[in-house]
Structure formats: C-alpha cells, structure tokens
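Please arrange chain B on chain A, whose structure you already have, making use of the hints.
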Amino acid sequence: MLYLPIILLIIFSFNNSTTLVFPLKGFTLQWYGQLFANRELLNAVGNSLIVGVGSSLAATILGTMGAIAMVRFRLPGRSVFLGVAALPLVIPYVILGVSLLVLFNEVGIKLSAFAAGLAHVIISMPYALLIVASRLVGFPDNLEEAAMDLGASYWGALLRVTIPICSPALLAAFLICFTMSFDEYAIASFLVGTDATLPVYLYSQLRFPTRLPMVVSLAAILMTITMAVMLFSEWLRRADHTSARKA
Amino acid sequence: MTEPAVEICNVTKLYSSKRGKRTEEVHAVREMNLSIPCGKFFTLLGPSGCGKTTTLRLIAGFETPTTGEVFIQGKVMSKVPPNHRPVNTVFQNYALFPHMNVARNVAFGLEIKRVPKAERERLVHEALELVKLADMGDRKPSQLSGGQQQRVALARALVNRPSVLLLDEPLGALDLKLRKAMQIELKHIQEQVGITFVYVTHDQEEALTMSDLIAVMKDGVIQQLGDPVTLYKTPANKFVADFIGESNFIKGTVDSESGGLARILVGRECVEVGSGGVSLKAGEAITLTIRPEKINLSRIGAGGPSGTVEDRVYIGTDTRYLVLLLSGETIIVRVQNGCGSEEGEFAKGERVTVRWSPADARLLKD
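Protein sequences, first through last, are from chains A and B.
The first sequence maps to residues 1 to 247 in our numbering.
The second sequence maps to residues 248 to 613 in our numbering.
Simulated from the structure, these hints should not be mistaken for laboratory data.
Take the hints with a grain of salt, since some may be wrong.
Said to hold, decoys possible - What the simulated footprint calls covered on chain A by chain B, stretch by stretch (three residues with Cβ under 8 angstroms from a Cβ of chain B suffice, anywhere in the stretch; the number is not a length): (1) 89-101; (2) 131-142; (3) 148-155.
Ideal Cβ placement from N, Cα and C applies to all residues, glycine included.
Bound-form chain A, shown alone:
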C-alpha cells in the first residue's frame, strides 16, 4: 500500500494525456522524450549531481573525522560536541535555509550551487558521523594499537586498518548523504541563486500544467534510482554487520 502512489506515478508517466486521471488513454514515451530534450532540466540534474557528490564527499570525510575524535579520544565535553553536531537533525530546514541565507550574505558567499552544497554538508554531516561512529564502536580500538605496535604511524594505522574496516560504513554514509542532498528542496531554494538544483527546478515547473506529465516521468526515474541506491546501501550495511559479528 505504501508504494501505491509511486506505482501510480510510474503508470501515469507512460499515459498519453496531460491530466493525471483514470481511465488511461494510451501508451506513450513522449514525456520521456520531452524530458531529455529540455536543456534547463538537464542543467538542473547536473547541478544536483555536483552538489550531491561534492557535499556528501565533504560530509563523509568530516563526519568520519568527527566520529574518530568522538569514539577514540576522551575529549572533554564529548556529549556537548555530539549535541551540537546533531543539531541540524532537529532544526527545520526552512529556518536553517533562511539563517544560512543571512549568514552567506554577511560573509560574502555568493548564492550559487556551491552555497547550497555547503548547506548540504551541514545537514548531512550528522548522519555520516553517526553511521561511522556506530561502526567504530563495533570493533576493538586495540586494532589501531596493534598496527602501531607493528610499526605503523598513527595515520598509517588509520589508513591501513581503521578506514578499510569502516569502508562499508563510509560508503553507506556517502550514499545516504547523497540522497539527502539530491532531494533537498527547502534550503536549496534559498541558496542556489540561478544554479537551480533538480528539486528547485521541479517546483518551479509545477506552475505550468502542461509540463506536469514531464515532471511525473522525471519523478518516476528518480524514484527508481533512489530506491536502488537505498536498497544497495542497506544491503552493504547488513553485509558489514554480519561480517563484524563473525569476527
């Protein structure tokens, strides 16, 4: 039942009519054709990909560093740090968007895909941090000691032991950050300026009823991709957990 709207969407994307009502008129691929002929839209997809990949890379790296600091070192004020790091999880995106708009204007960061990417790093970093931290807690910290005992420097131990063991978690974190960034609208709408990302572009197109079927067909494609990515990252996480349990 949960997936009924999505299935409907996919069905309508092939329907030969501009209105989304039953009965279906006939099979067509014209909406998909329109989709790939639309330069603006393809630009928006490109922007979204760049923002998504860039921000999730940065979020994963920062989140991993945060997780290592949190799990492996007895920092003073660790709980405060965790609270602050997790704050973006609970602040409504509209408020975050407005406040970042004000901030970026003050410090002179131009409204652009880059600004949106920066914001996405902030919102997705906590997810990366929590995912990686949960993995770090799961294996004994004297593996790093063992590596150093065998001659590796601290960074060598991280690179040769910690990061490889965490790699499934790192990939899962990256994918989750990416999906978050890819369909985030509220903050992006404040910050992208003229480099509309896909969600921003789609909302702007909803004003034109004739374009609706094209948007629907795009949504159908995105749904399929997103679902595949989510299933893949979940599968990774599971595979990782079973191997961790065996060890």
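Only chain B this time, still in chain A's reference frame:
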C-alpha cells in the same frame, strides 16, 4: 653479562580519575625498578589490578611514565613512540585485522618496513611454520579457532624479530587443555628464537611452568623477583607465599634462637624452624609459613604440635587434611597417596601430631 633487554628505572604511573568533584589518584605502578635480562622468559605475575599490564604498556609505549625512565637495550625510550620501539606485542584479544587474511596479517609489520616482496613471503611462511599454521595463510581470522588466532598473533609479532616480545595474557581466552599445550609450546618457541619474552599473567601455575624469571606484583609494587624454585621455596612475604601455590600461616612468638634454628611457641607448644637469616628477638610475634605437602602427619605421641583431623578430602594423587591445632589454628596438610601409605589414612576426629623438617618452614615478619 650482556646488557639487560629492558630496564625500568624509578618508574611511577599515576592515573587520575574524576569521581564527581573529587579527583582520585591511583598508582598503577609505584617507583618500580626492574631489569629484564636478555633472552629470558620473564613473567610479570599478579592479581588483576596489580599494575602488570600497565608495566607492559609502559614498555610497549602505549603509556608514558609519570616519572622515571624505561630503557630498551640500553636506549632511553621516553621520546620514542610505540611504532619505533624494537618491541612487538601479542594482545590479550589477539587484535588481528579482520579485513586481511592470515598471511597479510603476519606480513603487516614487514610491509611497513618495506621489506621486498620475495623476502617478505619467505619470512611470513617461516613464521607461520613456526606456529604450525603454514597452510592457513589465505584464511580470514574469523575462520580460525581461538587457539589458531592466538598463533597468528604470535607469528605476526615474531616475524618482525623484535628485541623484546610482550605478551599480555595471551592464553586467557583458551580452554584449560589448549592452554596447557600452548604453555609448553610458547616456552619451546621462546627457546628456539631466543628472543626475550615479557609475559603478563595472573595464573601462578602458568608462570611457574614457563618462566625463567618471575616478578610477583601487588598494588603496583614488585613483591619478589626470582626464578620459580626460589619463589616457591623461599617466598619473601606472606603475599608471595599465598599467591604462589598454597601455604599455611601459623602465628607464634619467638622463644629462642641459636645456630640458625629458631624455637617458636605456637600456643603452648614449641616448634623448630630454620631462621633463614631473619633477625629475631625473644618474645617477638612472628608468622611461620609451611607448604601443605611438607608436613608429616603421625599418630599421637611423637614430638611436635598436636591437633585433630577436622576434615579429609581425597583428591586422587593426594589426600588433603584439615587439622585443627591446639593453638586454635587450622592448617592444611597434603599427604601423597600410594606406595602403601593409603592405609595410613587418618580418620575424621582422630588426634594427630604434625611435624616438619625445620628447613622446610620459613619465618615471615608481618
């Protein structure tokens, strides 16, 4: 004498832990002086919390001394991080890298030292052969049994040819039979490779089985340093006597001393004990200690303290008697069975006389 493998000079390690608003300071190691000779199997023995693991971590470099210095092969180690020390550790939980197979685990140290591939493969094979796992190279650690993982950890450390190998209760997680077998094997491997082993354990039997030299620790202080026979035969204090093997402690007062032989009053009876160089004053309170297997039981009449058999436990090779002395103290006596002595078993409630040769008992000041 060559120079010692490890020297610990005046080392103190303080941990401070916050309990609410109070900060408590705990001495994990207290002004320790220790010299570990080259090529020996050396054991740090003590109950949990005595500072033995901390001592090991000080040598490995995972802890830094609060005061004092650690020397390895005559070189001061205070500024040397763990990865540059000529030591390797076998960890309690093995700490094998789960994402690498056995051969790569063993090769880890060599890879970091950039040993050429052919040489590396030869050394890894040698090390795995030494621990009898030559055909397990491509397994993952998770596919091995506990005993096998333990051997991999040993090979991974030994392949680097450290000057000193540190072992932190490596047999703790194995079952009794396997542990016994590994004890013998560890000792063999140590003799074969000739590397100084520093072994940490709380198991006194394990320590006696394997070690050339044992340091008994309590509360961060070394109580006694010696070879197994010395520790067993001439414990320096009550803690050592009690921790290593089983001991009886009998309270008494000094009656007189002459020619290395002390006469001690236990209750109203007099016993003779070798004074063992302890200076004694008449009337002084003192504890004498004697191993249960060094005591002779006989029927009432012969000279020596007398008592009553309180309990008797048959344990196959021996029989253990609990004897209540006239002075009110209970002692344990072990009598070996067989060779016709079975008929000499004493019944519960029977009056007996206990005797020992003066050389087997020792005097301990409190």
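Now for the hints, and whether the structure bears them out:
1. 89-101: As far as the segment 89-101 of chain A goes, the hint is violated, because 0 residues have Cβ atoms under 8 angstroms from chain B.
2. 131-142: Contact hint for the segment 131-142 of chain A vs chain B: holds, 3 residues under 8 angstroms.
3. 148-155: That given contact holds, which follows from 6 residues of the segment 148-155 of chain A lying within Cβ reach (below 8 angstroms) of chain B.
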